[in-house]
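Respectively, the protein sequence lines represent chains U and H. If you read the first sequence in numbering that gives the first Met the number 0, its first letter stands for residue 0, the second for the next number, and so on. If you read the second sequence in numbering that gives the first Met the number 0, its first letter stands for residue 0, the second for the next number, and so on.
Everything labelled a hint here was simulated from the structure, so no lab data went into it. Keep in mind that this is a model prediction, so the values were computed, not measured. No residue lacks a Cβ here, since even glycine has one placed at the ideal position from N, Cα and C. Please note that the accuracy of each hint is not assured.
[What the hints assert, rightly or not] Partial list, computed: chain U residues near chain H (C-beta under 8 Å):
| hint | residue |
| --- | --- |
| 1 | S130 |
| 2 | T211 |
| 3 | R215 |
| 4 | F218 |
| 5 | A219 |
| 6 | L229 |
| 7 | G231 |
[Unchecked claim] Negatives, chain H to chain U, calculated, CB over 10 Å:
| hint | residue |
| --- | --- |
| 8 | G66 |
| 9 | P68 |
| 10 | Y86 |
| 11 | Q133 |
| 12 | I184 |
| 13 | V229 |
| 14 | P305 |
| 15 | F332 |
| 16 | Q344 |
| 17 | D345 |
| 18 | E350 |
| 19 | S355 |
| 20 | L368 |
| 21 | R387 |
| 22 | R474 |
[Claimed, not checked] Simulated restraints on C-beta separations:
| hint | chain 1 | residue 1 | chain 2 | residue 2 | range |
| --- | --- | --- | --- | --- | --- |
| 23 | H | E395 | U | Y189 | 44 to 50 Å |
| 24 | H | R369 | U | G142 | 42 to 48 Å |
| 25 | H | R323 | U | Y189 | 18 to 24 Å |
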Amino acid sequence: MNRLAPAFNLLFRSQLGPLVALIFIVVAFALADGWLGSGNFLTARNVRVMTSSTALIAVPALGMTMIIIAGGIDLSAGTALTLCGTVLATSLKFSPVAAGEPGFASQVAMALLITAATGCACGLLNGLLISGTRVVPFIVTLGTMTIFLGIGQIIAKESTVYAPPEHLPEWLQNLCYTGPTAAKYGLIPYVPTSALIAVVFVGLVAALLRYTVFGRNVFAIGSSESTARLCGINVPLTVLAVYSLAGLFVAMGGLLYFSDVKNGNPSDGMGKELEIIAAVVLGGGSLSGGRGSVIGTLIGALIIVVIRTGCTLLQIPNTYTHIIIGVIIIVAVIVDQLRHGSPEWLFRMLAKSSS
Amino acid sequence: MAEVPLLEVEHLSKRFGATIALDDVRLRVQRGEVLALIGENGAGKSTLLKILSGAHSPDAGKMWLRGNPYRPAGPHEARRCGVAIVYQELNLAPDLSVEDNLMLGLPGTGGGLLFRGRQRQRVRQVLAEVGLDQLDPRLPVATQSVATQQLIEIARALMLDAQLILFDEPTSSLPAKDVQRLFDIIARLRHRDLGIVYISHFLEEVREVAQRFVVLRDGRNAGEGMLDQVTDAQIITMMAGREVDELYPAVPHQPGEPVLRVVGLRARPTPRSVDIEVRRGEVFGIAGLVGAGRTELLRALFGLQPRDAGKVLVEDRPVASSVRAAMAAGMGFLSEDRKGEGLAQDLPIVENITLSNLRPYLRFGLLRLRLRRKSAEHWMRRMQVKARSVQQPVAELSGGNQQKVALARILHEGAEILLLDEPTKGIDVGTKAEIYRMIGQAAAEGKTVVWVSSYLPELLAVCDRIAVMARGTIREVRSASQWTEDAIMQCAICLDDA
Numbered sequence: 000m001n002r003l004a005p006a007f008n009l010l011f012r013s014q015l016g017p018l019v020a021l022i023f024i025v026v027a028f029a030l031a032d033g034w035l036g037s038g039n040f041l042t043a044r045n046v047r048v049m050t051s052s053t054a055l056i057a058v059p060a061l062g063m064t065m066i067i068i069a070g071g072i073d074l075s076a077g078t079a080l081t082l083c084g085t086v087l088a089t090s091l092k093f094s095p096v097a098a099g100e101p102g103f104a105s106q107v108a109m110a111l112l113i114t115a116a117t118g119c120a121c122g123l124l125n126g127l128l129i130s131g132t133r134v135v136p137f138i139v140t141l142g143t144m145t146i147f148l149g150i151g152q153i154i155a156k157e158s159t160v161y162a163p164p165e166h167l168p169e170w171l172q173n174l175c176y177t178g179p180t181a182a183k184y185g186l187i188p189y190v191p192t193s194a195l196i197a198v199v200f201v202g203l204v205a206a207l208l209r210y211t212v213f214g215r216n217v218f219a220i221g222s223s224e225s226t227a228r229l230c231g232i233n234v235p236l237t238v239l240a241v242y243s244l245a246g247l248f249v250a251m252g253g254l255l256y257f258s259d260v261k262n263g264n265p266s267d268g269m270g271k272e273l274e275i276i277a278a279v280v281l282g283g284g285s286l287s288g289g290r291g292s293v294i295g296t297l298i299g300a301l302i303i304v305v306i307r308t309g310c311t312l313l314q315i316p317n318t319y320t321h322i323i324i325g326v327i328i329i330v331a332v333i334v335d336q337l338r339h340g341s342p343e344w345l346f347r348m349l350a351k352s353s354s
Numbered sequence: 000m001a002e003v004p005l006l007e008v009e010h011l012s013k014r015f016g017a018t019i020a021l022d023d024v025r026l027r028v029q030r031g032e033v034l035a036l037i038g039e040n041g042a043g044k045s046t047l048l049k050i051l052s053g054a055h056s057p058d059a060g061k062m063w064l065r066g067n068p069y070r071p072a073g074p075h076e077a078r079r080c081g082v083a084i085v086y087q088e089l090n091l092a093p094d095l096s097v098e099d100n101l102m103l104g105l106p107g108t109g110g111g112l113l114f115r116g117r118q119r120q121r122v123r124q125v126l127a128e129v130g131l132d133q134l135d136p137r138l139p140v141a142t143q144s145v146a147t148q149q150l151i152e153i154a155r156a157l158m159l160d161a162q163l164i165l166f167d168e169p170t171s172s173l174p175a176k177d178v179q180r181l182f183d184i185i186a187r188l189r190h191r192d193l194g195i196v197y198i199s200h201f202l203e204e205v206r207e208v209a210q211r212f213v214v215l216r217d218g219r220n221a222g223e224g225m226l227d228q229v230t231d232a233q234i235i236t237m238m239a240g241r242e243v244d245e246l247y248p249a250v251p252h253q254p255g256e257p258v259l260r261v262v263g264l265r266a267r268p269t270p271r272s273v274d275i276e277v278r279r280g281e282v283f284g285i286a287g288l289v290g291a292g293r294t295e296l297l298r299a300l301f302g303l304q305p306r307d308a309g310k311v312l313v314e315d316r317p318v319a320s321s322v323r324a325a326m327a328a329g330m331g332f333l334s335e336d337r338k339g340e341g342l343a344q345d346l347p348i349v350e351n352i353t354l355s356n357l358r359p360y361l362r363f364g365l366l367r368l369r370l371r372r373k374s375a376e377h378w379m380r381r382m383q384v385k386a387r388s389v390q391q392p393v394a395e396l397s398g399g400n401q402q403k404v405a406l407a408r409i410l411h412e413g414a415e416i417l418l419l420d421e422p423t424k425g426i427d428v429g430t431k432a433e434i435y436r437m438i439g440q441a442a443a444e445g446k447t448v449v450w451v452s453s454y455l456p457e458l459l460a461v462c463d464r465i466a467v468m469a470r471g472t473i474r475e476v477r478s479a480s481q482w483t484e485d486a487i488m489q490c491a492i493c494l495d496d497a
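Next up, chain U with everything else stripped away, as it sits in the complex:
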C-alpha cells in the first residue's frame, strides 16, 4: 500500500489539487456537452464569457483570500461590492458632463476615486471593528453586511440606479465585453479586459503574499496570532491593512460588476460573498487561517464558473446547478482536509480493498 504514497502525495499534497479538479471538470463538461448538449462549451465565445465571469468573482476574492489566510472572514464583501457599484452608477449618473464633452475624463476619474474610497472605507470599518473590539470577524462582518446593504439602498433610493450610456466612457462599457467585435476589446483583441485585470492582480497579490514582510506576517497571524505577537508583529495594524486592502479589491469588483450589468442594485450583492468565499475555499484556503493561495482562488473561481456555465449549456435547471455547486464545495473541503490531515484511513481503505 505504501507504493501508492508518492502518487498520493503528488496528487493531494501538492498545490496541484484544485488544478486537477478544474481540468477534470472541464473535460467532463466538454464531453457531456459534445455528446448531449449544443457543442458550444469549448467555443471561443463561451471561453471568453467564462473568463470574464471568473474575473467578476476572482477580483473581489483576492481580498478575501488575504483575509482568510489571516484567519478572518468577510461576510460583507457581497453587499460592499454592490454598494461600490451603486456609488459608481450614482456618481456617473449625476455627472454634469456627458462623454465627449470637455471635463468628462476628470468626472470619470472622480467617480472612480469615490468608488475606490467607498470600498476602502468598508474594509477599514471592518478592520477597525475587528482589531479594536476583538469581536470575531464573522459577527462584525455579519453586522456590516446589512449596514452596507442599507447604505446602498439609501443611495439608490431603494431601487436600481441606471447610469445613462452617454455618461459612460467607452472603456468602462467594454470592460466585460465578450462579443465578436475585435475593436471593442481593450488591450488585446478577444481577451476580455476584466480577465486581464484579474490575471494582473492575481500576480501582484501572489507576489505581495510571497515576497514581502507584510505577506509573511499575514500567514503568521492566521497560523497563530499569539506567535505573531511574540515575534514583534504589529497584529492590529496588519489586520487593519488586510481588510482595507480587501476593500480596494471589493471596489474593483464593484467596478467590474457595474460594467457588466450597467447599473447599480444594492441588493444584488446578497449572496455574492458566499460565492467569493467558496472560490477561496475551493482554491485551498483554510477557514482556520494560515493557508491559502491567490492562484488557488483563481482556479476556485474558474471551477464555479465552469460548472455554472456547463450546467446552463446542458440545460440543467438552475435549481440543480445550486445543488451541484454545493456538493462540489463540500467534497473539495473534505479532500482538502485529507490533503493536509492524515491520509491514514485512506491508505487503510485502499489496503483493505486491494487485499
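We have chain U; now place chain H onto it with these hints.
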C-alpha cells in the same frame, strides 16, 4: 509468574506514512503494578498508549487483555473493556459539571435520559477514591484547578471500573504538592490490584511511583527491568542508545558588567515589585512555585503584559512596555507554551525561525527566499534540528526539535538577552543536555540568559546565580553554589517567614 498478565502485547507495529512509530514492540503489565514507560521524545511511547486506549489501531501485532484477544475499535470500546487513559492535556468538557463529566459516555443512561440521582451515589464514591470527597459534583469543571481536573479524569476512569489506567506525562502541568497527591492515589489504585502504565520524562518521579520499567527507543524495545536494580545512568544509556557523557555540560563563561536592570517592576496580578540586576555573560535562574509570578515577570519584561509601575533598563536605557521595544533593546523571549504561542505550528521551520527578523533578506522591499532558506538551513544544522527539510511544518516535529526551532528563532534575531520560560519542559534527556550546552554557549558569547525553570537540579547545575520568587516578588538571590534544593524549596514556600 503463572498468573495471566493483565495486558500482553506482542509484535506490535505501527507506521504513519513513511515514519515507523512502533516496530515489533512487546509489553506486559501485571495486576497491582505500576509500569514506567520511558523513552526520548518520538520514541513511540505516546503512540503505544494511543493504541492501547483505542485511539489508533495497530498495523500488525496482537494484544491480549486478561488473556482474551483485545483489539479495540475506538476509545469508547477500550473504556468498556476496562482500559482508560489520562492524557497530558485534559480531556474534560470544561463547561459541564463534575458529575456530568463523570457520566459522559457511561452506559445505563436509559433511553438517552440522564438519571442524575441514581448515579450520584456512585459519583460520590469514585470522587472519594481519588481524594475529592470535599468536591461539590455540581460545580463546572472549569472552576477547578488543573490538579483537581486531573483527579476528575482519574475518577472518570474508575466510573467504568477500569482495570488498566494509562497515564501520559500526568505531572508535566502540576505543581509539586499536587504531584505527591497524584502519586498517593496511584499507589492506592495499585493496591486495589489495578494495572498502571505511566509515562514520564522525570526519572526521579518514575522511581518514586513505579516498580518496573520498559524503555522504548526509535519505536523498539530498548531495555526493561526493575527500577531498584538499575542506575539513572544505565537507563539514560538505554534511552539514548549511547552514553550521554554529561547531563550538564559545563561551558566556561565569565559574567561581566550589569546589562539588564529591573527596578520596582509591577504588573497585575503579578509580579508585585521586582528588582533584579543581571550581568552580561551570566546565566540567571529564577526558581519558585507555579503561580509565584515567574512567567508573568518574563512576560512583563518582554512587553507581553502591561506594566503598572517600575522600570526596565538595558544598558541604562529605559525599555518601553511593548514587544517591539523589548526586541529593539535586544531581548528575545521563549514561551513556555510551545504549541499555543511559541511556534506557528502549521508553518514550516524556515518561517518559524525567520519570522521575527526578516530584515536581512530584504532587497528593495522584497524577500530573497533562497537566501532565507539557506540561512534557516544553517540554523537548523547549528541547532541540530532533526527534520526532513526546512519546509517541514513544525507540528510534525518532536517536542525537543520544536524547542530547538524556537531557540533558533531567538538566536536568529540576534537577541542579547534571552528570556527563557521553561525551555526544557517536556523534552527528553539527550535534548536537554544539548539545550544546557546552548545556554552555556550563549553566556560564553557574552549574551545574558534569564531562565525560569521548575526543575531545580538543572538550575543548580547550569546557573551562575539563582533568584527564588514567591508571591510575585523576588525573595532572595544567591550564587548557585550557595543554594541547595531544600533551601530553594523552603524559600519558595516562604517557610522562613515566621
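Among the hints numbered above, which are violated by the structure, and what are their numbers in rising order?
1, 15, 16, 17, 18, 19, 20, 25
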